[in-house]
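**Student:** Spelled out from the first residue to the last, the chains are:
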Amino acid sequence: MMDVERLETILTQYEGYPQDLIPILQDIQDQYHYLPKDELKVVAQRLNVPLTKVYSVATFYKMFSLVPKGRHELRVCLGTTCHLKGGQRLLESVSSHLGIEPGYTTADMQFSLETVGCLGSCAQAPVMMVDDKYYARMTIDKVTKVLKLYKE
Amino acid sequence: MINLTIDGKALQVKKGKTILEAALANGIHIPHLCYHPAIKAIGSCRICVVEVKPGPPRPQPACTTTVAEGMEVITQSERLQDLRRELVKFILVNHPLDCPWCDKAGECLLQDLTHELGIDVVDYEAVKVPPHIDYESRLIERYATRCVTCGRCVRVCRDRVGASAINFESRGYFTELGCGHVPLECEFCGTCIDICPVGALINKLFKYTARSWELTKTKTVCPYCGGGCNYEVHTKNGHIHRVRSQGSLLLCGRGRFGFGVLEAPERLHQPLIKKDGQLVAATWDEALDYAARGLKEVIDNAGPDALYGIGSPRATNEASFLFQKLIRAGLGHNNLDSPARYNFARALAGIAAVFGEAQVSGVALGSVKKGVYQSPWEVQEEAKGSGFPFVLGNAHHLSHADVILIVGADVTPEMPTYGWRIMDALKNENFRLVVANPRKTKFDRYANLNLRYQPGSERLLLIGLMEAVLEAQPGYSPHLEAEGFEDFKKTLLKTSLSKVAKQAGVKDADLRQAGKLLAQAQAPAIIFGHDLMAQEQGQDNVIAVADLFLLIGQPCNKGSALYPIAEKNNTRGVCDVGVMPNYLPGYQSLAEGGGAFAKLWGKPVSDKPGVTLEEMLDQLENNEPEAPRALYLLGGDLVRLLPNRQRTERLLQKVRFMVVQDAFLTDTARLADVVLPVAIHAELDGTYTSTDGRLGCLQAALSPNGTRPDWQIITELSQRLGYPMKYGSAPAIFAEMVQLMPIWAGIKEGHRWPHKKISVSLNGKFVPFSTEISIPGEGKYTLIVGKTLAHSGSYTTHAHGPQTIMPGAELKINPADAQALKVNEGEPVKISSTQGEITVPIAVTVEIPRGVVFLADHFSDTPANLLTSNSNLCRVQLQKG
Ligand code: SF4
Ligand code: SF4
Ligand code: SF4
Ligand code: FES
Ligand code: FES
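As given, the protein sequences belong to chains G and D, one line each in that order. The C-terminal residue of the first sequence carries number 152 in the working numbering, and the numbering is unbroken. The C-terminal residue of the second sequence carries number 1881 in the working numbering, and the numbering is unbroken.
No wet-lab data here; the hints were simulated from the structure. No experiment lies behind these values; they were computed from the predicted model shown.
Straight line, CA to CA, 30 Å or less: simulated DSBU-like cross-link-like pairs of lysine-lysine:
no. : chain 1 : residue 1 : chain 2 : residue 2
1   : G       : K53       : D       : K1427
2   : G       : K41       : D       : K1507
3   : D       : K1812     : D       : K1830
4   : D       : K1369     : D       : K1599
A short list of chain G residues far from chain D (calculated; beta carbon distances all over 12 Å):
no. : residue
5   : E8
6   : I22
7   : Q29
8   : L98
9   : C122
The beta carbon of each residue, even a glycine, is placed where N, CA and C say it ideally should be.
Work out the full structure, taking the sequences as your base and the hints as a guide.
**Tutor:** This is the structure we're talking about:
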């Protein structure tokens, strides 16, 4: 069932113009960790934009997800520099620690793993991010430590 | 004009055209994929690249590069072909080898391109994209695997259909066509299927039934609404397999998917006659003899006046013409009408009251023999016309209007063609759209202003709009010569704008803004439809609309006109050709026009107007001596179509003898003494007139399979009644008909009347109308009975396609009301009015305001007119069912 109030608190912060679409989707993504179907329908109706437009936007940007994401989002950089500095091995390590492939979420809904193009900190490659925090000059040894910080 | 050369060929091309358009128009082939003439070019596939001099050294897309003076274009070179080959190879990397079982094979652009470019190997590889195939959606299957992401479907759906129901999802290499959620929820017009260059969108009704090259194509006209779309029916072995529109490709779902009516198992193929109270099968001769005997008996006993004729907005012009000829010449009276009386005839009468009767002069019978379906009347230099037909708009001009006011119409369900024209108009920057309707309709999304008035308060709203126009520009006066303006103004201003706004349930400010838009408009158009005309006071509603148009209209500007929506395919035609008690064909007056008819027919034509369908029913109700004893119905399922079903049924039972021609055993036909099965749709020859007066020509593609065309049946009956009429074909009837209709001068296939060369002189007089508003019945809710897009009358409920989209009636209701009734989506409610009750499931939607409910009237198992009394509006009670 849809939590009407939860969605309303987001929607009431906006005027309801079509151009509010992206910020609203961002808010929903932040709070729900994904974009639930029913909520998207309401958003489309409220902003008077076609539902297909909402989906077009929601699937275009990597920051949005249509399936539930974990509480923490891990992004491992595979940009050129990180790639050369062992990004792929870092990814494999994170992946085996969590037991999931990139693009998936752990069964306990704690972590989601993604890869990204470049995080803009090439000087400190290889880089990964957990939620909003950067972890620079990563090594395989550090993976356990970093993940521990977020485990319940 | 721009001079350029393409492949050395010197061409003169209109400014603003693209290279591709110029080439195609001059028979020069440039391979292309994402371009389609019906939509805006976006230059995304790059297959149409050409070399342009002077210009950049790299090849340019022909579909988005406009022609320039002195340009030299090369369309074929080794370099260009290499580029095209590479591009097509990229597409082929992921394209499945479905050709053997893909419906598109044989008419697929990707096949053609691969063949043309001689691609025999694809030496690229890439990650396979997972195959997403949507088998679930209704009527349309989507094979993402076959999609070449050209965006044609996305553009046509968004820009022409106005549904925005499909769009791209994800991006880059993984871009995929989606609709947000499987399955598809849209208008189901199927336009995307036909515009797709490949087999990514498949018509489920057509799937695996034929290969494209086996089909025979016959051009005819859609039988479902007043839009009059021309289309091709594709047949094989005597069966229809699909329907297609050429050119723009636009059709609505009823047109594209509704042809199943033809082969519906319920169709009648044999005449029926009543024996011992039962309708039983009979041969044609038996049935016709029986019908003639029954009618003759009534005529002999009670006089020819006792036979009343009821035409049908479904019948062709030719059948309708013969029908009125039988009544007028054969029986010598004018007692005939059609169900159009309850909607479109009101529009005509209302507009005629304000703008006068139809007049035309300066047209003459030509000496040269004209082709089939062409008027022998020629339009002379000095041709002049006036009166109501000249206020009726041309659909092709609608997109030139700078302000369109839609009032009391749900445009797309009633007539999709006007919806497409509005989409075109929206491309003009200065265009403004005002939508007035108690419900939220499709065009709300595109409107600059929405006026959500109380059901039934159209006249108050229109008064408010007129006041707002006057207020917007002090000293405002009509552009047309208008009688009685000052008096009218005085009456108007007696009630304040705020008061009418309040009564109509709209905001003062909104009315004022609408008034401003209308007052400033150079070419204002007004569209109105069923919601407005079908009320008991429909005629007054139309007068109010016509008064507003007299105030603001500028018919000398393209697009500025009145656009009433004629619901059925030939509603306009049946009126045009004289199935009316007060007009001869071509709206000629009985008093003056009869001479020419009498001369040609060798029989006098009575100048005494007949009674209308409404009046005739009242006569039956009151057992008046003039009430008819026999009815001859050319279709026109009165029991289903007219408000107050029980009354109609009761009154028809009073009639001693009833002959019905129809394709199905309709609710009216069940009461008949003789039922004669008729040919329909692709079985017919003849013509229809679209709502905007355009002549559409039908061509039979299928054998009538035991049935007969209406006109043949009429001649057979007429013969037996002692008035022989001999015609060999529909065109022969057309020839006689147009000879008697000077106002149709210059008409031919695809052209509209009045002819554009007739110079129009319009003037009008303001006509007062009643401002009393009342909705019959009692109850907490106001029921609006109207139309849906899936169906056309009850006809399409016999066709599989439309039935898949809407299998039965549903009551649309506001979420808050549903909650208050404790009924969930899809659960039944009992609707009761003073007339009767029915139970239907509900559909919860914010489109409907609180206190209002909406029911479509297509379904015979839950007939909406069981609830109504004399209007499409009534008050009802709702109860959990
Ligand atoms: S069927 Fe019509 S409305 Fe539906 S997606 Fe295709 S074009 Fe759009
Ligand atoms: S479905 Fe067809 S029309 Fe639509 S983008 Fe794909 S290939 Fe083009
Ligand atoms: S029903 Fe009307 S709009 Fe639809 S295809 Fe037929 S004529 Fe065209
Ligand atoms: S490549 Fe990883 S941060 Fe730039
Ligand atoms: S047809 Fe011109 S770019 Fe596709």
